[in-house]
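J.: These are the residues of each chain, in order.
Protein chains: 2
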Amino acid sequence: MTDNLTTLIEEVADATKYSTPDSKDTLIRILNSQEANEIALALESLPIEQRTEAWKNVAQDQRLDILVEMRSDPRESLLDTMPIAELDSLFNNIAASDLIELADTLPARLLDRAVRAMDTLQRSYFEDAQQYSEDVAGRWIDHDVLVLPNNAKVRDALRLLRRQLPDYVDCIFITNRAGHFSEAIRISRVFGSPDHVPLVDLAEEDFSVINAQEDAVAAATKVQRSGFSALPVVGENGKLLGRLDIGNACELTQEYYENQLMASAGMNEDEDLFSPIVKSTKNRAIWLGINLLTAFLASWFIGLFEATLQQVVALAVLMPVVASMGGIAGSQTLTLIIRGLALNQINAANRNALLKKELSVGALNGIVWAFVIAIVASIWFDSAMIGVVIALAILANILAAAAAGVCIPVILDKLKLDPALSGAVVLTTVTDIVGFVAFLGLGTLLLL
Amino acid sequence: MTDNLTTLIEEVADATKYSTPDSKDTLIRILNSQEANEIALALESLPIEQRTEAWKNVAQDQRLDILVEMRSDPRESLLDTMPIAELDSLFNNIAASDLIELADTLPARLLDRAVRAMDTLQRSYFEDAQQYSEDVAGRWIDHDVLVLPNNAKVRDALRLLRRQLPDYVDCIFITNRAGHFSEAIRISRVFGSPDHVPLVDLAEEDFSVINAQEDAVAAATKVQRSGFSALPVVGENGKLLGRLDIGNACELTQEYYENQLMASAGMNEDEDLFSPIVKSTKNRAIWLGINLLTAFLASWFIGLFEATLQQVVALAVLMPVVASMGGIAGSQTLTLIIRGLALNQINAANRNALLKKELSVGALNGIVWAFVIAIVASIWFDSAMIGVVIALAILANILAAAAAGVCIPVILDKLKLDPALSGAVVLTTVTDIVGFVAFLGLGTLLLL
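Order-wise, the sequence lines are chains A and B.
Numbering of the first sequence is given in the UniProt record's numbering, commencing with residue 1 and proceeding in unit increments.
Numbering of the second sequence is given in the UniProt record's numbering, commencing with residue 1 and proceeding in unit increments.
The set of hints was computed from the structure by calculation and includes no laboratory data.
We treat Cβ as the ideally placed atom computed from N, Cα and C, and that holds for glycine.
Incorrect hints may have been included.
[Unchecked claim] Here are some, though not all, of the chain A residues that point toward chain B, as calculated from beta-carbon distances under 8 angstroms:
#1 95
#2 237
#3 239
#4 295
#5 343
#6 403
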């Protein structure tokens with residue numbers, strides 16, 4: 001998905017700029033030759049006018065697949081241009097898995113019409129899925145499972161396989177009469193065995209099962225690491241509801257990482273390249289507001305030392321050096337601990353040892369860089385004492401940063417707040433304040 | 001992998017703290033009941049002394065699997081405690097896929113011995129893999145492929161499947177007489193067809209193939225999105241070398257995201273919770289040094305306005321507010337663009353429109369927050385003019401941040417530098433400098 005997509009986007013963009021009959025034909029030809037996934041990415045990358053123009057030329061039979069692949073803002077921009085009649089025909093007999101993807105973006109009335117136009121089985125799948133919030137496995141259940149009863153034999157399995165073998169199926173699931181998941185049989189074991197062997201004799205040992213209320217991303221990771229192409233999803237009573245296959249699992253983890261990245265900058269996960277301007281502004285404003293509060297807080301601490309700053313301007317010039325060194329060193333510790341928390345490797349047993357180790361690394365780096373910065377500062381401002389002041393402040397800030405880098409994510413985690421999202425803001429607020437107070441405080445003590 | 005692992009680690013930690021015979025038995029029992037993956041995580045989470053103690057109690061037959069799962073620093077710490085005789089027996093007849101994981105950590109002499117003790121086929125796999133750098137697909141080739149010649153029929157496929165069906169296999173690959181990849185046949189299609197049908201009649205259309213020199217992570221994503229459980233990997237001449245299966249693909253993308261996260265904070269991807277202190281210090285020092293240079297650069301610009309700062313202390317107190325608002329706003333744009341670049345959605349066709357859109361959002365947020373900050377600043381320092389100065393500086397900085405957030409990653413990308421790694425440093429340097437210069441410059445013009 002590299003140069004092909006770049007070329008595709010450029011060709012679509014060129015074709016939509018100049019509305020000649022020739023370029024229209026080019027556009028149609030280009031679009032019809034690509035996968036829904038690629039067309040979705042290409043459409044998302046176009047400014048709204050060109051996107052709408054390109055959309056007119058997308059074949060009807062591809063439209064639903066493309067809409068399912070798109071992010072919500074660009075999708076909405078296209079749905080808004082489509083007449084009701086077309087939407088009705090698009091959503092007629094829609095599959096549950098597709099509607100689940102679209103449900104959050106569709107206006108309520110359209111969603112209702114779509115649900116009523118579904119066939120009975122798909123509607124039941126859809127309504128079952130909607131009982132679960134989108135962050136648990138139950139929302140993402142796939143129904144392509146091969147199931148046989150307890151007393152089935154190898155010949156029954158072979159007959160079933162001759163009729164159907166969906167994607168990502170490497171096991172047949174056995175259920176009891178109440179529909180509860182009982183065993184999993186590898187298809188590879190079915191082949192090697194005589195027809196009369198009971199399937200339960202070939203059952204896997206210690207086969208993992210996913211609970212519908214399990215966190216979706218944790219469940220996805222379980223599937224990816226299991227060595228199997230799918231794991232069964234069961235309800236609270238053990239009833240087999242369906243499966244989570246590795247294809248869906250990969251999509252879930254991929255989206256998770258993207259969302260984490262966006263959220264760490266205070267961006268809404270749905271924000272897209274050409275999301276509406278006012279909407280983008282509002283989404284981003286919240287994060288800017290939070291950071292403004294922390295910035296004013298730090299400024300308030302600086303304000304306590306106005307008198308000192310008035311007399312020793314060098315302190316105002318060098319302040320950012322102290323703050324940023326603490327921030328960077330703290331972020332390093334923070335990142336390491338966040339990774340450890342995500343892997344569940346941090347707990348009461350090793351926290352103190354971790355803190356000690358991070359303080360040691362902080363002390364070493366603190367001493368080295370305090371020395372370097374002291375030399376530069378004392379030469380720059382022709383004052384050995386300024387060198388001493390900044391050296392002590394740097395050392396104090398880097399040590400505080402190490403401690404904060406360990407404690408902050410651990411505390412956030414205990415409060416059930418995701419440290420990957422809020423950890424950096426809290427950390428840099430702490431390192432800024434400690435840096436400014438240490439530097440200006442020592443400056444007041446030693447330079448006036 | 002949640003409470004189980006936490007409990008495991010706590011139990012192991014407790015058991016290693018008190019070296020009674022009872023706790024030793026507990027430890028052995030605990031360790032023997034877990035997966036290699038979980039034991040590896042548990043060992044990584046222990047301080048070195050306790051880790052070494054726990055290792056003594058790990059069953060011999062699990063040791064290799066656990067070492068393969070561990071990161072390099074903790075792995076090295078354990079290898080160092082093992083006598084040569086034990087290492088020799090551990091690496092005797094090792095599989096190529098395991099040695100590939102370990103190769104970077106083993107001292108050269110040990111690696112040589114291991115290679116010489118391998119069986120011929122595994123050694124050829126290992127040596128083939130080593131021809132490729134670790135960031136291309138060729139290094140991660142799996143050899144569990146089902147291959148048949150051009151003229152094979154359904155009955156030949158069924159016979160092959162009865163003999164073997166490895167994990168993650170959903171297709172049989174067809175090669176010509178020169179060993180070049182030719183077609184892929186879904187196993188599900190084999191079942192539904194009569195014995196005499198030539199396999200090539202059932203071939204998939206437009207089947208994706210991976211080139212051995214392709215970027216490993218891009219190849220992994222290709223596999224995950226293909227709908228298949230594995231894709232074939234071919235050499236330059238089209239020769240079928242093996243496959244990349246979805247299990248490996250998930251590991252590759254998982255590691256990629258973890259490494260990106262670490263690298264964005266200037267951390268070496270191999271750094272672990274209890275990596276040796278001096279090693280950690282050195283690894284982190286480089287990033288700290290780079291950031292120090294950018295901090296001094298920003299300070300130099302502040303230094304140009306020493307006279308102004310001496311007269312208007314309020315400027316020193318409010319400086320960080322201007323700098324941080326630009327930094328946060330710029331990071332939001334940067335994150336959006338970086339995601340777009342990763343998906344190949346950014347190019348000459350939409351760059352200008354993107355820049356315009358980001359500048360618009362920047363202008364809106366800039367005006368709103370400039371206003372808010374101006375009110376607070378003018379009340380705090382009892383001066384309407386300070387409010388005007390900071391308002392203009394905030395607006396200028398947020399606009400500059402929007403432009404930088406678009407241009408910097410695009411330029412870095414053109415220079416083949418990963419914007420996810422270096423983008424933030426460059427951006428915050430720019431927004432700091434612009435913020436300080438705008439604020440102090442306007443202050444000089446309007447407040448003196």
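J.: Now, for every hint given, state plainly whether the structure supports it.
T.: To see whether the hints hold, each was checked on the structure:
1. Restraint check, residue 95 (chain A) versus chain B: the minimum CB separation of about 15 angstroms is more than 8 angstroms; hint violated.
2. Interface restraint check for residue 237 (chain A): the shortest CB-CB distance to chain B comes to about 22 angstroms, outside 8 angstroms, so the restraint is violated.
3. Violation of the interface hint for residue 239 (chain A) is found here, the shortest Cβ-Cβ separation to chain B being roughly 23 angstroms, above the 8 angstroms cut-off.
4. A cut of 8 angstroms between beta carbons decides the hint on residue 295 (chain A): the least distance to chain B is about 4 angstroms, and the hint holds.
5. Restraint check, residue 343 (chain A) versus chain B: the minimum CB separation of about 6 angstroms is within 8 angstroms; hint holds.
6. Hint status for residue 403 (chain A): violated, given a least beta-carbon distance of 16 angstroms to chain B, over 8 angstroms.
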